[in-house]
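All chains, please: the whole structure from these sequences, using the hints.
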Amino acid sequence: MFEMELEDAKFWKDCVDAIVNLIDEGVLEVKPEGITLKAMDSSQIAMVSFSVPKSSFVSYKVESAEKIGLNFDNLGKILARTRGKERLRMSSEENRLELDFSDGTTRKFKVPLLDLSVGVQKEPKIEYDATVKINGGQFKEILRDASLVSSHIALEATEAGFFVEARGDSADMRVENAKSAQTVSEVQARKPARATFPLQFLDDISKSCPNEGSMTIHLKNNAPVKVEYAIGDASLTYYLAPRIDVA
Amino acid sequence: MFEMELEDAKFWKDCVDAIVNLIDEGVLEVKPEGITLKAMDSSQIAMVSFSVPKSSFVSYKVESAEKIGLNFDNLGKILARTRGKERLRMSSEENRLELDFSDGTTRKFKVPLLDLSVGVQKEPKIEYDATVKINGGQFKEILRDASLVSSHIALEATEAGFFVEARGDSADMRVENAKSAQTVSEVQARKPARATFPLQFLDDISKSCPNEGSMTIHLKNNAPVKVEYAIGDASLTYYLAPRIDVA
Amino acid sequence: MFEMELEDAKFWKDCVDAIVNLIDEGVLEVKPEGITLKAMDSSQIAMVSFSVPKSSFVSYKVESAEKIGLNFDNLGKILARTRGKERLRMSSEENRLELDFSDGTTRKFKVPLLDLSVGVQKEPKIEYDATVKINGGQFKEILRDASLVSSHIALEATEAGFFVEARGDSADMRVENAKSAQTVSEVQARKPARATFPLQFLDDISKSCPNEGSMTIHLKNNAPVKVEYAIGDASLTYYLAPRIDVA
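Chains as they are written, first to last, in our numbering: chain A, 1 to 247; chain B, 1 to 247; chain C, 1 to 247.
Derived by calculation from the structure, the hints in this document are not laboratory data. Just so we're clear, the structure is a prediction, and the values are computed from it rather than from any experiment. Treat the hints loosely; a few may be bogus.
No copy is singled out in the list; a pair is fine if it fits within one copy or between any two copies.
Said to hold, decoys possible - The calculated lysine to any residue pairs, modelled on SDA-like cross-linking and capped at a C-alpha distance of 20 angstroms, are:
(1) LYS207 to ARG81
(2) LYS108 to ALA178
(3) LYS85 to LYS220
(4) LYS220 to ALA178
(5) LYS108 to ARG174
(6) LYS77 to ASP24
(7) LYS133 to THR106
(8) LYS110 to LEU148
(9) LYS31 to SER92
(10) LYS108 to GLY168
This is the structure we're talking about:
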């Protein structure tokens, strides 16, 4: 049994969107100190780790840790209906999650809890060679550029900057973010690191990063990329497996 | 033979939209005192009664009552092409309705009149138990909320307020507009009244209500709902049959 | 080998759009004095003649005339990705055209050159009877009006003004731009001229005319229409064959 309240339902909408971009169903771990989720996407090549602290809520009553299985796709559609600034109260009933939106009118939704197993989801331990901090909106624009050319893109960080390449029949593309460019606030590379990834997954992963926010990308040659960003006080970490680079 | 002119074609567009949401073809009754229409939708579960007084027009010449059959779907598309503030002159030719839009340039459309029979369309006489006045935009938002959950919704008015419920596999929904809520300006209920309606029809019926305008909903247990609103000086009244409430 | 630079990539995007509306692939003639293209659409009923002077570029190095075959459809999609004010540098490599967009970040695209034959494309020599100068946005609105009614429209110029007609089952349409209307800045007609054209092609031809810009239409009875407009310093001329007027 738990009960918690947010001042702005939009915040929870953004969090759920960042999860649903990768997985349709999953298990939220509701704990006394906050809420977390770790899950692989259905094709097992990407992973999301989500966490929001108790302090993001205006009231937060969780006596003991609880795991609740949810259809995030369904939940995201309900949250998408929030308008203006609405309070959101979430509470558990027997086998349902109740969402109460209020701003004068009260709108109550009760969604069924699902009986899902949480696979133990350890995050990969990788010693990365390079770290890039880039503006979220800028990275999403680069992905859109690349989508004209190919379904895969190579991410590369060197001492000189951060580079993105895509090759296709209709064109080849190369985007150069020099270390000094305004769009990257940091490029660190102990040694050059490069790997190629499926564009669609990078798109899903970065979609919820605020355009004005910063996204941190960790790279190592032909290793999974690690992408991190924040939505308010919530933190999102994603891993995505590379494909063998044929470039 | 008639001839009438409106200062703003947009007004007539809104009127025709309010009709076409329910019926594709129908008969306008053009009378010396104004224009009316009464019609059932093709599935015979909803009815629209439309009326606009002579005074809405800047000039209005109708010598004797005339019935003109029109394809409102077609007429609505032509009216949707109006831009900015255009004058609209309508006149009858032999077997066509002429629409002249003017704002410097003149655009003339002639649409064929249809040979349609007007069934005598009496409005149902129901003694309603409850009346709700709600903001049009608010009611449309509630319908959108409900569409996530079910294809039917229950409307309920009691002394406490106006309530909307929908139940589905993905979620249950309940919207509570307390009597004191800003979104309802009036809730009167001699006794509680509740009935369930197909969402799509409520959507069609309320679509043309101005978001800032007021919509009046009359309810009686398991009886047809009566919905009224105004577009400028034109008045729209709709009736919609309930389905047996399985809630 | 050539190299040229534009201050605003958006200008080149607009030029390529004006070409791609009619043809998917074609040959640009890059000459010391500027760039030109003449091409028929694939159905051979419309022709586009494009020309942009050297002076439109901030730097322009072309030693000898060169013909480069391009997929404009592909090129247009890449150019559509330009954002804000970006510089665009274009240069030829062996068998590729390189496009470098820069505004801090550099985005490079290399598109393959195609081996296409330039048919000798002479422009038709027609002595026109009437000339109309009309606001580009206004003409596009008229085409949208007409699309409700028919797939063909008649253009007519007389001493009285410029008239557009379309006839269909759902309605007949006539748009009257009197000589004095604000939307036409000039109507000259030695004798009345009228011809009927496929709407889709007129739409393709006029699509890239700036809404605030002026479009010149030359007419002669049942002869091809000639349409001219400017995009910045670039000039576009189109010819479109009439169909036999059954009006």
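Consistency of the hints with the structure:
For the homomeric pair LYS207 and ARG81, the shortest alpha-carbon distances inside one copy (19 angstroms) and between copies (18 angstroms) are both at most 20 angstroms. Proximity of LYS108 to ALA178 under the C-alpha cut-off of 20 angstroms is restricted to the inter-copy arrangement: shortest distance 13 angstroms between copies versus 50 angstroms within a copy. Taking identical chains as interchangeable, the C-alpha atoms of LYS85 and LYS220 are never at most 20 angstroms apart, the minima being 42 angstroms within one chain and 34 angstroms between chains. When the C-alpha separation of LYS220 and ALA178 is checked against a cutoff of 20 angstroms, the pair qualifies only within one copy, where the shortest distance is 19 angstroms, while the shortest distance between copies is 58 angstroms.
For the identical chains of this complex, LYS108 and ARG174 are inter-copy neighbours only, at 5 angstroms across copies versus 49 angstroms inside a copy, given an alpha-carbon limit of 20 angstroms. Only within a single protomer do LYS77 and ASP24 lie at most 20 angstroms apart by alpha-carbon distance; the minimum there is 12 angstroms, versus 32 angstroms between protomers. Proximity of LYS133 to THR106 under the C-alpha cut-off of 20 angstroms is restricted to the inter-copy arrangement: shortest distance 17 angstroms between copies versus 41 angstroms within a copy. In this assembly of identical chains, the alpha carbons of LYS110 and LEU148 lie at most 20 angstroms apart only when taken from different copies (12 angstroms versus 42 angstroms within one copy).
Within a single copy, LYS31 and SER92 get their C-alpha atoms as close as 13 angstroms, which meets the 20 angstroms cut-off; across copies the closest is 61 angstroms, which misses it. Only between protomers do LYS108 and GLY168 lie at most 20 angstroms apart by alpha-carbon distance; the minimum there is 13 angstroms, versus 49 angstroms within a single protomer.
When each numbered hint is compared with the structure, a violation occurs for hint 3 only.
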